[in-house]
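Enquirer: Taken in order, these protein sequences are the chains called A, B and C. Mapped onto the numbering used here, the consecutive letters of the first sequence carry residue numbers 12 to 235. Mapped onto the numbering used here, the consecutive letters of the second sequence carry residue numbers 597 to 1180. Mapped onto the numbering used here, the consecutive letters of the third sequence carry residue numbers 169 to 259.
Accuracy of the hints is not assured; some may be wrong.
FRET-style restraints, in silico, Cβ to Cβ [as the list claims (entries may be wrong)]:
hint, chain 1, residue 1, chain 2, residue 2, range
1, A, Gly106, B, Pro1141, 33 to 43 Å
2, A, Gln19, B, Pro1161, 23 to 33 Å
3, A, Gln19, B, Phe1113, 44 to 54 Å
4, C, Pro232, B, Gln929, 19 to 29 Å
5, B, Val945, A, His135, 51 to 61 Å
6, C, Trp257, A, Pro162, 46 to 56 Å
7, C, Leu212, B, Pro934, 31 to 41 Å
8, C, Leu243, B, Val945, 18 to 28 Å
9, A, Lys75, B, Thr761, 35 to 45 Å
10, A, Gly106, C, Phe237, 30 to 40 Å
11, C, Phe237, A, Gln19, 54 to 64 Å
12, A, His135, B, Thr761, 35 to 45 Å
Here are the simulated BS3-like pairs of lysine-lysine, each with C-alpha atoms no more than 25 Å apart in a straight line [claimed, not checked]:
hint, chain 1, residue 1, chain 2, residue 2
13, A, Lys98, A, Lys197
14, A, Lys38, A, Lys98
15, C, Lys229, A, Lys38
16, A, Lys98, C, Lys229
17, A, Lys75, A, Lys197
Since the hints were made in silico from the structure, they are not lab data. Bear in mind that the values here come from a model prediction, so they are computed numbers and not experimental data. Beta carbons are placed, not taken as given, at the ideal position from N, Cα and C, and that holds for glycine.
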Amino acid sequence: MGADARPQLRMTHGRQVEYGLGVYSGKLGMWVFLCSEVMFFTALIGAYIILRWGSSQSWPDPTKVLNITLTAFNTFLLICSSVSMVKAYAAISHGDQRGLRLWLLATVAGGAAFVGVQVYEYLHLIHDGVLPSGFREGGEIMEALTRAGLPTGGHELFGAAFFTMTGFHGFHVSCGVLCMIWVTIKAFRGHYTQAHHEGIEVIGLYWHFVDLVWIILFTIVYLF
Amino acid sequence: MTAPAGAAHGPDAAHAEHHHEPSFLRKYVFSTDHKVIAIQFLFYSLFFLLVGGALAMLIRWQLGFPGQPLPGAGVLGDEAAPGGVIAPKFYLSLVTMHATYMIFFAVMPLLVGTFANYLIPLKIGAPDMAFPRLNMWSFWLMIPAGVLALAGLVVEGGSAAAGWTAYAPLANTPDYTGVTTGQILWCLSIAVFAASSLLGSVNYITTIINLRAPGMVWFRLPLSVWALFITAILAILAVPILAGAVIMLLFDQILHTHFYLPAVGGQPLLWQHLFWFFGHPEVYILILPAMGIVSEIIANGSRKPIFGYHTMVYAIIGIAFLGWMVWGHHMFQSGMNPILGTSFMVSTVLIAVPTAIKVFNWMGTMWRGRLWLHTPMLNAIAFVAMFVIGGLSGIFMASTPVDMYIHDTYFIVAHIHYVLFGGSLFAIFAGIYFWFPKMFGRMMNERLGKLHFWTTFVAYNATFFPMHLLGIAGHMRRIYDPNAYRFLQPLQPLNTFISVSAFVLFAAQLPFIVNFFWSMFRGRPAGMNPWRDNGLEWTVPSPPPHGNFAATPKVLHGPYEFSHPDTGEDFLPQDQPLPTRPGA
Amino acid sequence: MTTVEKKHPPYMLVWLWLAVLTIIEVWAAQAGLTRRILIPILILLAIWKASLVAIYFMHLKFEPRRFLFVVLAPLPLAVILVVAVLQEWGK
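Same shape as in the complex, but just chain A (with noise of 0.2 Å):
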């Protein structure tokens, strides 16, 4: 990682600048941009974290209210289209413009999919009777728990932090799917070359972020 002799001055746009972290802009930018997003999400999970940690209540087991083995697939398809995009990123920088465009577009679809398989959950939960106000009396969930004998305790906790943690997460997924296709007709004009194509590599910045605290969410949200 040879960074001892770092030049003085770099060009940008055809001027002379200091030279700064060695970073081009867009990517700079992007990294920052996701700085504040790790502090919003820490606002979000920790506040779940205190809420479930610090306070006396029990917690519904996440096991026996949500789909595992859906949501455990679908981290998966947000890993493999993690995997595509990079994969994208590596066809542009040896300049294979098909292998770009096949890339992204199998990024979308893993994208789209996932916003979809959650959408479903989604759909089921609420006709089960979770919402972010808690597990409604006589709907499905709380009944089978009940039935069951499990404890039911700190259910309005949990559907109000399961809903906004994975809402806002799906929400910045959409905006990255869109951001995607954007890229993605952009790609098949032919706007990124082997030469400039750090559009691609900002937007997998992004990408890789939102699977990075899928990760994260889905450990603590989904299995424990």
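Following the hints, put chains B and C in place on chain A, whose structure we already have.
Expert: Okay, now just chains B and C, sitting in the frame of chain A:
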């Protein structure tokens, strides 16, 4: 380096624009030029400063002349002011929205929207921000944010009335406040504001790291740029916490979640912790850019280099760093864990150290300087003095046992206004007087400027200093009718005195408003460098052309080479070489 | 493990690891382990997976060292916030 094919990069698109003159809309309304955006922020914030001030006048009317009908208050309607007498619920809206407008829609857009946007590219020798289009979005997002914030005043149930700190469960329980839509609108306006703030901060951070002209190494950056850089970092990390907290507050109201509602396990203290984890870095966001501006102007007005430039930089960083670990001092009375409280007391007292260093360095800069007491300098000196007072009252509050007595009294209100008005606002005035010539190519009138300064300074102290006394006497904040308490009744004359001073203070802004608009069209032409200053912005025409610099400047030294013994002038712009001494 | 050619990490290998770790996670959660053992294991696995994504997919392994400061800045703050507030309920 080959030009990207078909890419619509900022500067390339700008070059295309030069070939055909952009329409009025593109040039002045939907502009991506940081200078235009800065001026848009300037007008926007000054408008909200006026609105916030007007609300303050209504507050002071009720406190100074309790239960009296205010002439002309009929326009407020029967719910807010039946018979012209301000109603208690409306009063709570007033204190809430006064603070909300002032903090989020006036001071922040002024310091961070206006000055960051205007000064950063110019002072580092860049043609514009790193992301000009994102910059434009950052401004335009403030429009829906502002509309949402103002809308609260006209909806049924009135605006949010739980204080700008919106503590749960008051804020998320309509049964307590009688406010439904208003609080929701408040949450939404803050969320949109957060988005605007984040886009701006991404731009400022990236621009300062990546677009500095050759020779503009880190320790040659002007202190205003350092301050704005650190502020943007604080904003990037703190504002999202507010966004998350406010969203959960919103959901408690519209989705029936229970994040902060204790009945089913929610935690009101969670709101307080999240809010103040944002809230404390927020107050440093409100003061650091002001300190940066003041550093520039004091060095200029003293015709001397800033005393201890490196230390000033480390102090800014120190304040920002420590600022993350003191948030609990806003919550000493919340019932939080006392051991946690003690740790906050210690960290809060510590933060006085870098702050004091800065104060001593400003004084050291002025010491034995050939003072040029132009209007910006007067305002900057006032900043130092007033901020010291505000900081000293802060030391009182930092001590938990003392705070137990003065928390939520007017002592706190005095502190807030000494640091935000005596501090930030005087610095803002200083900055406007100082950079107005660069923005508009014309000088503001010095006589009107000095009139504005002195009347404001006197009226401001007459308004806010007595509040320390009110607070020590036990006068609570945010209360509608102090006379309901026997022990506060003797304080009514003081309240009336404060209110009258406040009315004078508001009226004292008239010369500023007149000066501002008149000078824009009829002021004396400014020339390139009317203040004989060293920053790179003074090496280009006033106002600077699109793209700022004809050729990329080469920076040769730091920004405070005033009264260098070997130069003919008492200033030396950063792109002028230092004189070489024979035999050196 | 595999040689890194042309600064491109072994993406497919990382993908395989991520899949394996996910399977272990899901199995552990439903294996009926006591929570005292389960929670630390799950946290470890989650951090491991997240780090793989950050280091390889997000290319952090190949960025200048100073840049890592930018990236890692929010993490201590996140920890401070959560740990400090948890003290409220004295566990």
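Enquirer: Hint by hint, which ones does the structure fall short of?
Expert: 4, 6, 11, 17
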